[in-house]
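> Heads up: the sequence shown begins at 32 in our numbering, then just goes up one per residue.
Read the hints as simulated data drawn from the structure, not as lab findings.
Hints may contain errors.
As the list claims (entries may be wrong) - Label pairs and their computed distance ranges (CB to CB):
1. Ser347 with Glu124: 41 to 51 Å
2. Val97 with Pro125: 46 to 56 Å
3. Asp354 with Val97: 49 to 59 Å
4. Arg451 with His215: 23 to 33 Å
5. Leu85 with Asp112: 34 to 44 Å
6. Val305 with Arg362: 26 to 36 Å
7. Thr143 with Gly283: 17 to 27 Å
8. Asp436 with Pro130: 27 to 37 Å
9. Pro125 with Gly406: 30 to 40 Å
10. Gly406 with Gly348: 17 to 27 Å
11. Gly268 with His215: 22 to 32 Å
Just so you know, even glycine gets a beta-carbon here, dropped at the ideal spot from N, CA and C.
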Amino acid sequence: MQRSEILSSVIFALALASTGVAAQDEPSPLADDHWPQWRGPLSSGVAPSGHPPLEWGEGRNVRWKVPLLGLGHSSPVVWGDRIYVTTAIPFGEPGEPVPDDAPGAHDNAPVTRQHQFAVMAFDRRSGEVLWHTKVREQLPFAGAHVSASLASASPVTDGQRVYAFFGSHGLYCLDRDGEVLWSHDLGVMQVKHGHGEGASPVLHGDTLAINWDHEGQSFVVAFDAATGAERWRAERGEVTSWSTPIAVSHGGRTQLIVSGSENVRAYDLESGEVIWHCSGLSHNVVASPVAGRGMVFVGSSYEKRAMYAIRLAGASGDITDTDRVAWSRRRRTPYVPSPLLYGEWLYFLNHYQGVLSRVRAEDGAEPVGPFRLEGLFNIYASPVGAAGRVYITDRDGTTLVLSHDDEAPEILALNRLEDRFSASAAIAGDELFLRGERFLYCLAESDG
32 MQRSEILSSV IFALALASTG VAAQDEPSPL ADDHWPQWRG PLSSGVAPSG
82 HPPLEWGEGR NVRWKVPLLG LGHSSPVVWG DRIYVTTAIP FGEPGEPVPD
132 DAPGAHDNAP VTRQHQFAVM AFDRRSGEVL WHTKVREQLP FAGAHVSASL
182 ASASPVTDGQ RVYAFFGSHG LYCLDRDGEV LWSHDLGVMQ VKHGHGEGAS
232 PVLHGDTLAI NWDHEGQSFV VAFDAATGAE RWRAERGEVT SWSTPIAVSH
282 GGRTQLIVSG SENVRAYDLE SGEVIWHCSG LSHNVVASPV AGRGMVFVGS
332 SYEKRAMYAI RLAGASGDIT DTDRVAWSRR RRTPYVPSPL LYGEWLYFLN
382 HYQGVLSRVR AEDGAEPVGP FRLEGLFNIY ASPVGAAGRV YITDRDGTTL
432 VLSHDDEAPE ILALNRLEDR FSASAAIAGD ELFLRGERFL YCLAESDG
């Protein structure tokens, strides 16, 4: 790959914004019929009780398909009978382009129109729009890469409130009826290359956290989820990243784990104190961490390849090159799509291409593979797992379904839709939701 291609691919991160309930090893009540964040109820990419369809196509196993306003690469979230998405809708007459003066800017799309930043709720049964709330209208502060969107951070919900983050254009808390309860303007991000924003809010209990890594003073901040009151703020030395943190409960303490440029850090969610940190990641970190089995897995692949498996037991201070790092690797590591932790196996894609690795989470062993995913090309969406299957969707609308068992993964189905996809899938019950650039799809086995 040419260096220019590597540089331009950084914005693909915007498809990967995630949010989080605390990562767990066992299914929780949330796992039954909700997908409250883009990496699912366990923050791992798995729907433990899900049973989505194996096959679909236009006109086959499409329960409903509805058009979307504007453009967003954020993933849908699901709670009960509702689906929530964010979007950015251009309006008005074109004017002068927003200045594109970020150092190293390339392949950026000019922004000439004002945008409406909005949150939408859909009825899960029919796809009907229940409400559409405009949270802000303005000419964006900056554009983004040609493959990106201005609504790339996925919302998160606890069933009572919906939290939507538009980066430089604000953080918003809405109730079930779409009324804004509180909001915050955190400033303007100075994003590397001007390639846009992507990290999503993290929700755990009554705390909502935001990671604000950019070319200025970076920080992580925690709010009271009900009132919006700021609880703590910690400055960071890392620069631009697009990786969303996860909240992990371990040993009676909740850690906010942030994978950023060169370092992964764990903060005490209650106080903001740094618990441990490990260096060795690349710049431009995009893939979000996953956690389970008492471990955290992080990876990056910009300019250099790096992946680490970290044992949480006893992790404190600088754990770089210590025995808390259970294993590491320097080949075929993920860049844009985040890993999938499914049972004892960790799945991840090489950079953002169709080469899949599957390693044993405990020790990093790779008994078989890697696997070339025929029929898939550029992949921004993160893989998801349910019903003993792994689902991987590429930008051109193709989803490959693989078996998940102790043997080598086998191709079970190759499904195509007539749209382009950057958002990760959501699975709830027997339904799989895919958010394209033009449509929102509900896929399920036909009743007939």
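> All hints are to be evaluated individually against the structure, with a verdict given for each.
Hint-by-hint comparison with the structure:
no., hint, result
1, Ser347 with Glu124: 41 to 51 Å, "violated, 57 Å"
2, Val97 with Pro125: 46 to 56 Å, "violated, 28 Å"
3, Asp354 with Val97: 49 to 59 Å, "holds, 52 Å"
4, Arg451 with His215: 23 to 33 Å, "holds, 32 Å"
5, Leu85 with Asp112: 34 to 44 Å, "violated, 25 Å"
6, Val305 with Arg362: 26 to 36 Å, "holds, 30 Å"
7, Thr143 with Gly283: 17 to 27 Å, "violated, 53 Å"
8, Asp436 with Pro130: 27 to 37 Å, "violated, 53 Å"
9, Pro125 with Gly406: 30 to 40 Å, "holds, 38 Å"
10, Gly406 with Gly348: 17 to 27 Å, "violated, 46 Å"
11, Gly268 with His215: 22 to 32 Å, "holds, 23 Å"
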